[in-house]
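K.L.:
So the chains spell out like this:
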Amino acid sequence: MKRLAAILVIVLTGTLASAADPALLEKARAEKKAAFYANITAVEPILEAFGKAYGVSAEYTRVSTNKFVATVLTEHQAGKLLADVVQAPLPILDILKEKGVLASYRPAAMAGYPAWAARDEKIQLFGIEYVAPIYNKDLVKPADVPRKYEDLADPKWRGKIVMADPSTHATTISWLIGLKEKVFPSEEAWMAFVKGLAANQPMFVNSFGPTPAPVESGEKLIAISMPKYIITKAPAPLDWARVAQPLLGTPRAMALTAAAPHPHAARLFIDYWLSKEAMKIMAEKVGEYVLAPGVFPPIDGMDKARVEPIRELSDDEIRRWGGEFKKIFATP
Amino acid sequence: MSRAFTLSRIRPRPGPQGGLTWALIILVGFLTVCPVVMLVLGSFSTGLEAFGSLTLAKYIEAYTDPALAAIILNTVVFTVGSAAVATVLALFLAFLNTRTNIPFKSLFGIISIIPMMIPHILFCVSWALLLNPSNGLFNLLLRELGLSGAAVNIYSMPGMILVEGLLDLPIAYLILAPAMSAFDVSLEESSKVCGASNLRTLARVTLPVLRPAILAAFILVIVRSLASFAVPAVLGMPGRIYVLASHIYRIIATGFAADYGQAAAVGMSALSASIVLIVIYRRLTAAGEKFVTVTSRGYRPAVIDLKGARLPLCGCVGLISFVLIVLPVAVLFYVSLLPYSMVPSAKALGFMSWKNWLSVIRDPVSFLALKNSVVLGIGGASLGVVLSIFVAYIIVKVRTRAAGVLESLSFLSFSFPGIVIGVGFMWFFVLTPLYATIWALLIGYIATYLPYGIRPLTSAFVQIHSHLEESSRVCGAGTLLTLRRVVIPLLVPGIVSGWILMATMFVRELTLSVVLSRPGTEVIAVQILRYAEDGLWGRLSALGIIMIIISTALVAVASFIGRKFALTERG
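Going line by line, the protein sequences match chains A and B.
When we follow this note's numbering, the leftmost residue of the first sequence carries the number 1, and every step to the right adds one.
When we follow this note's numbering, the leftmost residue of the second sequence carries the number 1, and every step to the right adds one.
Simulated from the structure, these hints should not be mistaken for lab results.
You may find that some hints are simply not true.
To be verified - Stretch by stretch, here's where chain A covers chain B in the computed footprint (C-beta under 8 Å, at least three residues): (1) 243-256; (2) 349-362; (3) 424-431.
As the list claims (entries may be wrong) - Keeping only pairs whose Cα atoms sit at most 25 Å apart, straight-line, the calculated PhoX-like set for lysine-lysine is: (4) K180/A <-> K148/A; (5) K182/A <-> K195/A; (6) K99/A <-> K32/A; (7) K67/A <-> K122/A; (8) K137/A <-> K371/B; (9) K33/A <-> K371/B; (10) K276/A <-> K52/A; (11) K148/A <-> K326/A; (12) K285/A <-> K137/A; (13) K347/B <-> K137/A; (14) K67/A <-> K80/A; (15) K355/B <-> K285/A; (16) K141/A <-> K347/B; (17) K80/A <-> K97/A.
As the structure is a prediction and not an experimental result, all values here were calculated from the model.
Note that beta-carbon positions come from the ideal geometry of N, C-alpha and C, so glycine has one too.
With these hints in hand, go ahead and build the complete structure from the sequences.
P.N.:
Okay, structure coming up:
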C-alpha cells in the first residue's frame, strides 16, 4: 500500500514537474530555493512534495500573526526582506500591499477557484480560516448540541464555553461582526445573541490555539474555535456543531514579494501551492478549508457546509469593536 | 562637602579601573541601549516602524486609557507578591542548604533550579490542569472527599502570585545561596556568645547582613515578573485579571497591524519602575562595607545543628519539592504520553503511547534547534558570565556614579516586557549585518539577561573585603592578576549561579528567539511556540521534558566544575 502511494506521488509530481513552464523551472532551479513566511500549521508535507517535484527547496519561516507586519515591514524597509512568498490573513497582506511590499502575479493555477479568490493582481486567496462551535462529543448529549448560533446564548452553557478574548483577538472580533452582517436578521437580534453569550461568562484565552484543550479535557464543553482541530487533535472527542447558518472565517491569502531574492522559484512555489494536489494535502492533513474546487477537509458534513469569507475589517474597526466587546463581556 | 569630593563621585577613578569602567559602560551600553533606543524612537514615531515623523499620540493614547489605573494596581500586587513568595521561599531553602545539617542536601540545588528549566507556559498549563475550578485534578480530589468548598481557583490573583513566585524562585535562590555560603561565622558566634538564640541570631544578625542579597533577589524578581507574560496569559486571562504585560499584549494583538511603538510607550513605565527600583537598591546598600563578610581573617561558613527540627524541616522541603518538581513534571510527562488533554482515567491509560515523543524526535527541525540551543546556552552563558564578572566588580568595588550608570544600563533590556524588547532587537539588528544569524541571538540573549549573571556576582562581590585585593596589590599584582588569583576563586559559587541562570534561560528563551530566529538558526523555543500555537500540548510537553534534561545536564556539569575548581584553588 505504502509503495503504491509512493509510486502515485512520484507519478503525480512527475506530471506536475513536466506541467511547469520549462523556462520558469530552469530559472527556479538555478535559484535553488524559495523562502516562505507564513503562520500555518503542519505544511511541511507540501514543502517536501514541492522539493521532490521540482528540485527546488521551500524554506519555511513561521512568523506569528501579531509579529507578521512588524517583521516583514522592518526587513522590507531595511532592504533585507528574506521572503519570496508571504502568506497570512487577508488584512495583513492588504497592509503589506499598501506599503509596496508585494508584486503582481496571476498564477494559472487559480483556474477553477471561485472568482473572488483572485482578489486583485497581487493577492490570491486560497482558503478560509473557518470558525465554528466545537464541542466535546463524549460529554454533550446529541440533543443538546447547538443547532444555531443563538443556542450558544442559552443559559445552560453558563461557565461551559471557552473562546479567544473578544476584546483583542482579531479573528474572533471579525467573526462576531461577520455574524452581524451575514447571519443575524437584525442588529437587535445579533446584540441579544452577543449579550447572551457574554452572560454565559465564557473563559477567555489569548488565541484559537489554546481553545480545544479545555474542551478535550472536559474543563469546558464548547469552544468557539476551528473545526480543523477535529483532524489535528484526533482522536480527541471533538465534533463541530452543525449550525443551520453558514460558517464564517477570514480568508487566507498569499502573494509574491516585490523584491523577492528568488523570484522564479517563488512563482513556481505559488503555482504548486495553489494546485489541487497541494490543497488536498492541506485539507486532509491539517483540516484546512481550501478554495480549490472539490477539495474538502475530511470532517463529516464539511463538504455540505456553507463556508463564507468575512468582510475585511480595518484595524480601526477591529479596535473599536474590541472596545465594545470589552464592555459587553465586562472585562476590565 | 568639598567640590573635589563631588566630582570624584561622578567621574570614574583615573587609572586602570576608570578605563575599565568606561570600556564596560560603552560595551554594555551598546548591547542594551540600542534596542531600547529603537523602541523609544518607535514610541515617538507615527506609523508602525521605528522611524517616522514625531508624535506624542502614542503616549497620550496609552496613558489616558481609563483601564490603566486598575492594571497598574494589579501589576503592583502581582509583582510584589511574586517577589515576596520567591524571596521568602529562597531564603528558607538557601539557609537550610548552606547553613544547616539538613539531610539530602543535594536535592536542594535541583529543587530550586528546576522551575528555571521548564518553559513557563508549560509550567502554567500544568498548574491549570491541577487547579482549574472546573476539573482540576486537585479540585476533583477535594470533591471526592466532600470538600468542594475548599476548591482552589488557579485563575485568580493568589494563583498567579503563587505560580510566578515559584517560577522566579531560582532567580532568588541563586542570588541568596552564594551569599549565604560566604557568610562569616564570627558574626553569628559573637551574637551567640552574647546569649542570643539561633532564631534571634538569624533575625538580628544573619538576615540584616544579607540585606544586599535579599534586596537584590527581591528586586530582580519584581523586575522579572513585570516582564513575564506566561502567567498573565495562561492564568490571568481566563480569570480576567490583567497586568501590564497582558495589557501590552492586548495593544499588540488587537488588529492585524500590531503597533509596537504604542506597546513600547506603555513598556516605558515598566522600564522607569525598574530604574527607580535599582536606584532604591543602590541607596539601601550604599554603605557597602557593612555587608562585607569575607575578610582575610578566618573565613569558614558554619553549620547549624537543627537537632529535633531536622526531620520536620526535611518534610517541609520534601513537600515544597513535591509541589515544585514532582507535580508539574509528572503532569508534563503524563500529558506527553496522551494524544489530547484528558483527566486520568482507564480510558486515558488505554490511549497512552510514545507517539508525541517520536514525532518530536523525528522532526528534522528539532535536531537543529536542540543543537543551536545547546551551543547558545553554553557559549552565551560563558561569555555572559565573563562580562558579568567585570561589570559586577565595577558596580561593587568602584561605586562611582559611573558605576551606577553601568548598573542601570545592565537592566535596560531586561526590564522591558519581553513581547516588546524582541521587536526592539529586530529593529536594531536589521540595521547590522548580524540580522538573521545566530550571532544576533547570542548578543540579544546576553544583552537582555545580563542581570542574571551580574546579580549573583554582585551579591558575592559585596561580601569580599577590599583588604584581600589590597594585600594582593601590595605584593605587586595588577588588577587582572588580582581578579584571577584572589577574587575569582572566592566568587566561584556566584559564577556557577550566574552561569546556570544564564545557560538555563538561554536554552528556553522564547521572546527574542521568536523574532530573531530564521531557517537555520532555529532554537528549541521556536519549536515550543509552534506547538503552543497549534495547541499540541502533548508534543509541547515531550519537548519541554527534553529541554529539562538538557538543562539538568548543563547544571550538573557547571556545579561539578565549580566544586572542582574551588577545591583546587583551596587546596
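K.L.:
Run every hint past the structure and note whether it holds.
P.N.:
The hints, checked one at a time:
A count of 7 residues in the stretch 243-256 of chain B with a Cβ less than 8 Å from any Cβ of chain A is obtained; the coverage claim is therefore met, three being the minimum. Against chain A, the stretch 349-362 of chain B contributes 1 residues with a C-beta closer than 8 Å to a partner C-beta. That does not satisfy the three-residue criterion, and the hint is violated. Under a criterion of three residues with beta carbons nearer than 8 Å to beta carbons of chain A, the stated coverage of the stretch 424-431 of chain B is upheld, 4 such residues being counted. Between K180/A and K148/A the alpha-carbon distance is near 14 Å, which keeps this suggested pair within the 25 Å criterion.
Proposed proximity of K182/A and K195/A is supported: the alpha carbons are some 18 Å apart, at most 25 Å. Of the supplied pair hints, the one linking K99/A and K32/A is violated, its CA atoms being roughly 28 Å apart against a limit of 25 Å. For the hint pairing K67/A with K122/A, the CA-to-CA distance comes to about 22 Å; that is within 25 Å, so the pair holds. Distance hint between K137/A and K371/B is unfulfilled; the C-alpha atoms sit about 42 Å from each other, more than 25 Å.
Distance check on the hinted pair: K33/A and K371/B sit about 24 Å apart at the alpha-carbon level, within 25 Å; holds. Between K276/A and K52/A the alpha-carbon distance is near 17 Å, which keeps this suggested pair within the 25 Å criterion. Restraint check: the Cα-Cα separation between K148/A and K326/A comes to about 24 Å, which is no more than 25 Å; the hinted pair holds. Using a Cα cut-off of 25 Å, the hinted pair K285/A and K137/A holds, with the two alpha carbons roughly 22 Å apart.
As the CA atoms of K347/B and K137/A are separated by approximately 15 Å, the hinted pair is consistent with the 25 Å bound. Restraint check: the Cα-Cα separation between K67/A and K80/A comes to about 16 Å, which is no more than 25 Å; the hinted pair holds. Using a Cα cut-off of 25 Å, the hinted pair K355/B and K285/A holds, with the two alpha carbons roughly 17 Å apart. With a C-alpha separation of about 19 Å, the suggested pairing of K141/A with K347/B holds against the 25 Å cut-off.
Of the supplied pair hints, the one linking K80/A and K97/A holds, its CA atoms being roughly 17 Å apart against a limit of 25 Å.
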